[in-house]
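Knowing the structure of chain A, use the given hints to seat chain B on it.
2 protein chains.
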Amino acid sequence: MFSPSIQSLIEEKADSFIIPASRIAFVEDENPLYHAFLILTKMKYSKIPVLDRKQKVVGLISLAMITNKMLTPDNIVIEPLSDLKVKDVMQTEFETINFAHTNFETQLHLLVDNPFIPIVNDNNIFQGLLTRREWIKAFNYVTHTIDEKYNITEKCVSHEEN
Amino acid sequence: MFSPSIQSLIEEKADSFIIPASRIAFVEDENPLYHAFLILTKMKYSKIPVLDRKQKVVGLISLAMITNKMLTPDNIVIEPLSDLKVKDVMQTEFETINFAHTNFETQLHLLVDNPFIPIVNDNNIFQGLLTRREWIKAFNYVTHTIDEKYNITEKCVSHEEN
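Sequence order for the protein chains is A and B.
Position one of the first sequence corresponds to residue 0 (numbering that gives the first Met the number 0), numbered consecutively onward.
Position one of the second sequence corresponds to residue 0 (numbering that gives the first Met the number 0), numbered consecutively onward.
The shape of chain A in the complex, shown without the other chains:
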């Protein structure tokens, strides 16, 4: 069970959890790989969402996925950057979150193995990102406020009960 007191504190911060789509760098699946190489070189995010023309999230792409295509047994080559499209290289297996149907427990669980999760609506349209960074901030808030708002006392457990 997710602690009700921690849940209550996090709900105070939940609005600031989502990094809205308008603030997120993304690329389109039909873009040449060259374009994603430039965006990822210039942005601070190491992996970004890939959208189709209807703003649906169809993949994720990182620089490592791109540079992996540039490796040949003998050399590093730049031709794949113009020969391939983002959709040829992107990761297509990934988690998404629909905030309407996902509780905190699931969000936190997904963030153990994913630095960020794309948020979508019921039509799979990209809404923004949930990130580990925002949860670290929320956890920071919880650790500093829980004792102001709650009385917390250790439960007395007898040795027999253990």
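In case anyone wonders, no lab produced these hints; they're calculated from the structure.
Glycine included, every Cβ here is placed at the ideal spot set by N, Cα and C.
Mixed in with the good hints, there may be bad ones.
[Claimed, not checked] Result set (BS3-like, lysine-lysine): computed pairs, CA atoms no more than 30 Å apart in a straight line:
| no. | chain 1 | residue 1 | chain 2 | residue 2 |
| --- | --- | --- | --- | --- |
| 1 | A | Lys12 | B | Lys12 |
| 2 | A | Lys84 | A | Lys53 |
| 3 | B | Lys154 | B | Lys136 |
| 4 | A | Lys43 | B | Lys55 |
| 5 | B | Lys46 | A | Lys68 |
[What the hints assert, rightly or not] Output of the computed footprint for chain A on chain B, the stretches with three or more beta carbons under 8 Å from beta carbons of chain A:
| no. | segment |
| --- | --- |
| 6 | 29-39 |
| 7 | 50-63 |
| 8 | 75-86 |
| 9 | 121-134 |
| 10 | 138-148 |
[To be verified] Anything over 12 Å on all C-beta distances counts as not near chain A; from chain B, calculated:
| no. | residue |
| --- | --- |
| 11 | Ala20 |
| 12 | Ser21 |
| 13 | Phe93 |
| 14 | Asn97 |
| 15 | Ala99 |
| 16 | His100 |
| 17 | Pro114 |
Below, chain B alone, put in the same frame as chain A:
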């Protein structure tokens, strides 16, 4: 103040917080950039520590730092990968943590703006990494166990006191 009850729960998990140096990919400052390009393309980490020959942490390097050197106004070129060394490209401003002198509050605070922090000993020798992922796991543990071990009741605050 960092909540004592949460601190106590996290201390149960603190040993597993550090990813030991033996499990971390790193490069050396004198390596050709080509080497870092290969390591970062093949590893899951988007940024890794740079060590000198004495195992001291002297920098951090990401694929984006490398690919940024490959951009010219007209083209993407591979020559910098053999012409430059890791030390010519790495980030030299970064935080480190010495576990002997750093409390949980400071660790959590540093992880807001850094996905990971290199851990060093008193001689600045690399010991491992502290990561957001490990703290997310710890937070997950706290949210599921705090109500088993503690009685938590909301404080009664009169409207006058607010």
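Hint check results:
With a C-alpha separation of about 26 Å, the suggested pair Lys12 of chain A and Lys12 of chain B falls inside the 30 Å cut-off, and the hint holds. For the suggested pair Lys84 of chain A and Lys53 of chain A, the alpha carbons sit about 18 Å apart, so the restraint of at most 30 Å is met. The suggested pairing of Lys154 of chain B with Lys136 of chain B holds, with an alpha-carbon distance near 28 Å, which does not exceed 30 Å. Using a Cα cut-off of 30 Å, the hinted pair Lys43 of chain A and Lys55 of chain B holds, with the two alpha carbons roughly 26 Å apart.
Note on Lys46 of chain B and Lys68 of chain A: the hinted pairing holds, with a Cα-Cα distance of about 19 Å set against a maximum of 30 Å. Requiring three or more residues with a Cβ within less than 8 Å of a Cβ of chain A, the coverage given for the segment 29-39 of chain B holds, as 4 such residues are present. Given a C-beta distance limit of less than 8 Å, the hint that chain A covers the segment 50-63 of chain B holds, as 3 residues qualify and 3 suffice. Only when three residues or more bring their CB closer than 8 Å to a CB of chain A does the claim for the segment 75-86 of chain B stand; here the count is 4, and the claim holds.
With 3 residues having a beta carbon nearer than 8 Å to a beta carbon of chain A, the segment 121-134 of chain B meets the requirement of three or more and the stated coverage holds. Three residues within the 8 Å Cβ limit are the bar, and the segment 138-148 of chain B against chain A gives 9, so the coverage statement holds. Distance to chain A confirms Ala20 of chain B as a non-interface residue, since its nearest Cβ pair spans about 22 Å, more than 12 Å. For Ser21 of chain B, the shortest C-beta to C-beta distance to chain A comes to about 22 Å, beyond the 12 Å cut-off, and the non-interface label holds.
No beta-carbon of chain A is positioned within 12 Å of the beta-carbon of Phe93 of chain B; the least distance is around 14 Å. Every CB of chain A is more than 12 Å from the CB of Asn97 of chain B (nearest about 21 Å), matching its label as outside the interface. The beta carbon of Ala99 of chain B sits about 22 Å from the closest Cβ of chain A, which is more than 12 Å, so the claim that it is off the interface holds. No Cβ of chain A comes within 12 Å of the Cβ of His100 of chain B; the nearest lies about 20 Å off, and the non-interface call holds.
Not every CB of chain A is more than 12 Å from the CB of Pro114 of chain B (nearest about 7 Å), against its label as outside the interface.
In the structure shown, a violation is registered for the earlier hint numbered 17 alone.
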